[in-house]
Amino acid sequence: MRTIWLASYPKSGNTWFRMLLANLASDSDTPADINELPRRGHIASSREPFDHVTLLDSGLLTDDEIDSLRPLVHAELAQGNLDDEDNIDTEAPPVHFIKTHDAYTRTVTGEPLLAGRLGADGAILIVRDPRDVASSWANHQSCSLDDAITFMNSNNAEMSGGRRDRIFNQFRQILPGWSGYIESWLEQRDIPIHLVRYEDMKADTAMSLARALAFARYDVSLDAIKRAVRLADFTELQRQERAKGFREAPRAQRDGNFFRRGEAGAWREELTPEQVARIENEHAPMMRRLGYVPVTSGKRAISG
Amino acid sequence: MHALRNIGFGPGPESKVHLYCVSGLAVASDLALPGLNGLEAGKATPDAFVRAGTVPEALDGASASGPTWQLAGKDFLLRIPGIARFLLHDGREITYEAEAGSDAADIPVFILGTVFGILLHQRKQIVLHASAVQVGGRAILFCGPSGAGKSSLAAALSQRGYPLLTDDICAISIDAQGVPTVHPDGRQLKLWTQAINRLDLGASRGARVRRQLEKFYVEPEGTRDEAVPLGAIYALFDARPPLEPGIEQPNAVEAALLLRRNAYRPMLVHRLGQRAGYFHAATTIANAAGIYSLTRRLDFADMPNVIGWLEQHWRGIGLMEKAA
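Taken in order, these protein sequences are the chains called A and B.
Quick note on numbering: the working numbering labels position 300 of the first sequence as 300, and the sequence is numbered without any gaps.
Quick note on numbering: the working numbering labels position 219 of the second sequence as 219, and the sequence is numbered without any gaps.
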């Protein structure tokens, strides 16, 4: 079995990509159910697979203790040793895609958190214009755009961490800013990377998907890809969310709009020039590297 | 706690030996295990022993292993890096050795959880990841993974007058007549500060479970010592789409799967060859008691509603008198 990470900063198209994969896996003409995305181990930071293979209660471990065990856990999981289902081998797809929002970091002993080559055969890194990420993240977190930008500009932000008085169902995920996150993946040399831009997925979904699947060595016909693209159309995802809710949406948003706009370039209507400048001041080098052209003039950037 | 002295046990004559009841077993330990009821000296012959000693880094001839454990015949090695290593032999003997630089106070909570879970599996018992309370003379279990809300629900029910039977780990025995029973051990609850505050349990708060965690032992309102016949098992679920809130009874196949998935730990069921035992237990339990799913929003504000549904369900299945 091959394992491929689906790595992305939050709100960059990871769920859409997983829905495309879910529709590829089925040969029916009915769209895959948004609530039937794999429930267990669907994200690298899940608590349950860790507890399952270590036999430990991760709720009794500190974030650092958990991180120091994660390389061993990801290496174990890549072997397919879940052992909890009777028919896991016969039904398993040829490639195991696992979402992750973890930056590519190393533990205190210098091991890659995600276990390098032992944890996966490669990673598909999905990136999106940070100006569009900002409004989507604000919606997801029910916070202001300014707070969303502060989070994206922070080089030591994290998710599901920080509070020690309760248990989260996911482990701490280190998010060293939008640029820092992407750089951590692009700069690592442990595993091959395939870069997918959200904007290219919007422009030609079938082509983007076909290239990513070729990278993952997932053998599938162009017809099947075209059908998956049709079945995972954004309006279909929105329709399902309105009808039934989306289990992965934040609690405050269960009847809301996880699948919000799904557009490329909506930041032009949603962000003030000052907000655009705050993002571009922080992220211009990585934006240029990925082909996202900053619009803030030098003068505004300084005053912003 | 009652301490025994000089029963030929422990590293030296000065060492205290404690005797505890753990899931129905009498356990002699040279390490104090907070959160458990002590047994009086001479009341029971120990079924199992916990003592300090040398524990290897690895086992020879391991037939199965994971990131933190190895299995070789009657020996099971568990290593929690930076905390301790534990060697379990034949469901009777637990040897522990602290890892370099560790805090000895961190060891007991792992003995009470994973280590006893392994020991009970070595003894071929059915062990669930569950907290339990007593209702009308029967044991009611709530099971689910860490973070599912087992302890919080048991704490809230304990506040409402249902005695706590166990927290987090629950052994079930099935006697010759096919009656499943639960062994309480007077364990204290383990709760996060958030739960303690939301349930207004600050006055019952005891010691920290570990120095680094905002998680504490909490003395329940009442406990029981005697084995209690099993009344019902509820698997806890978060009410996320497409799951709707409520109590449901799964079919026999799903019930068997629910029981095994909520074993403490499913990996042990598989690796210690107990799948058939869990399957038979599920049939027996489904007939003698009942296996249900309880789906609710994971929100303390909903706790009174959830308790209301449970009490209504208990009246419906004859565990409680119907209201006049």
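Think of the hints as simulated: they come from the structure by calculation, not from any bench.
Please read these numbers as outputs of a predicted model, since none were measured by experiment.
Incorrect hints may appear among the rest.
Claimed, not checked - Here chain A is said to cover these stretches of chain B; the calculated rule only asks that three of the stretch's residues, wherever they fall, bring their Cβ under 8 Å from a Cβ of chain A:
| no. | stretch |
| --- | --- |
| 1 | 108-121 |
| 2 | 202-209 |
Said to hold, decoys possible - Dumping the calculated DMTMM-like pairs for lysine to aspartate or glutamate here, alpha-carbon to alpha-carbon at most 25 Å:
| no. | chain 1 | residue 1 | chain 2 | residue 2 |
| --- | --- | --- | --- | --- |
| 3 | A | K244 | B | E97 |
| 4 | A | K202 | A | E248 |
| 5 | A | K244 | B | E248 |
| 6 | A | K244 | A | D27 |
| 7 | B | K74 | B | E97 |
| 8 | B | K16 | B | D30 |
| 9 | B | K124 | B | E248 |
| 10 | B | K124 | A | E48 |
| 11 | A | K244 | B | D299 |
| 12 | A | K244 | B | D90 |
| 13 | A | K202 | A | D33 |
| 14 | A | K244 | B | D30 |
| 15 | A | K244 | B | D225 |
Every residue gets a Cβ at the ideal spot worked out from N, C-alpha and C, and that includes glycine.
Now for the hints, and whether the structure bears them out:
Counting residues of the stretch 108-121 of chain B whose C-beta lies closer than 8 Å to any C-beta of chain A gives 6; at least three are required, and the coverage claim holds. Under the rule that three or more residues need a Cβ within less than 8 Å of chain A, the assignment of the stretch 202-209 of chain B is violated, with 1 such residues. At roughly 52 Å between alpha-carbon atoms, K244 of chain A and E97 of chain B are farther apart than 25 Å, so this suggested pair is violated. Between K202 of chain A and E248 of chain A the alpha-carbon distance is near 22 Å, which keeps this suggested pair within the 25 Å criterion.
At most 25 Å may separate the alpha-carbon atoms for a hinted pair to count; K244 of chain A and E248 of chain B meet this at roughly 20 Å. Between the alpha carbons of K244 of chain A and D27 of chain A the distance comes to roughly 23 Å, so the proposed pair stays at or under 25 Å and holds. Simply put, K74 of chain B and E97 of chain B have alpha-carbon atoms about 19 Å apart, close enough for the 25 Å limit, and the pair holds. Proposed proximity of K16 of chain B and D30 of chain B is supported: the alpha carbons are some 6 Å apart, at most 25 Å.
With a CA separation close to 29 Å, the supplied pair K124 of chain B and E248 of chain B exceeds the 25 Å bound. For the hint linking K124 of chain B to E48 of chain A, the alpha-carbon distance of about 24 Å falls within 25 Å, and the restraint holds. Of the supplied pair hints, the one linking K244 of chain A and D299 of chain B holds, its CA atoms being roughly 20 Å apart against a limit of 25 Å. Restraint check for K244 of chain A and D90 of chain B: not satisfied, since their Cα atoms lie roughly 50 Å apart, outside the 25 Å limit.
With a C-alpha separation of about 21 Å, the suggested pair K202 of chain A and D33 of chain A falls inside the 25 Å cut-off, and the hint holds. As the CA atoms of K244 of chain A and D30 of chain B are separated by approximately 55 Å, the hinted pair breaks the 25 Å bound. This hinted pair does not check out: K244 of chain A and D225 of chain B have alpha carbons roughly 46 Å apart, beyond 25 Å.
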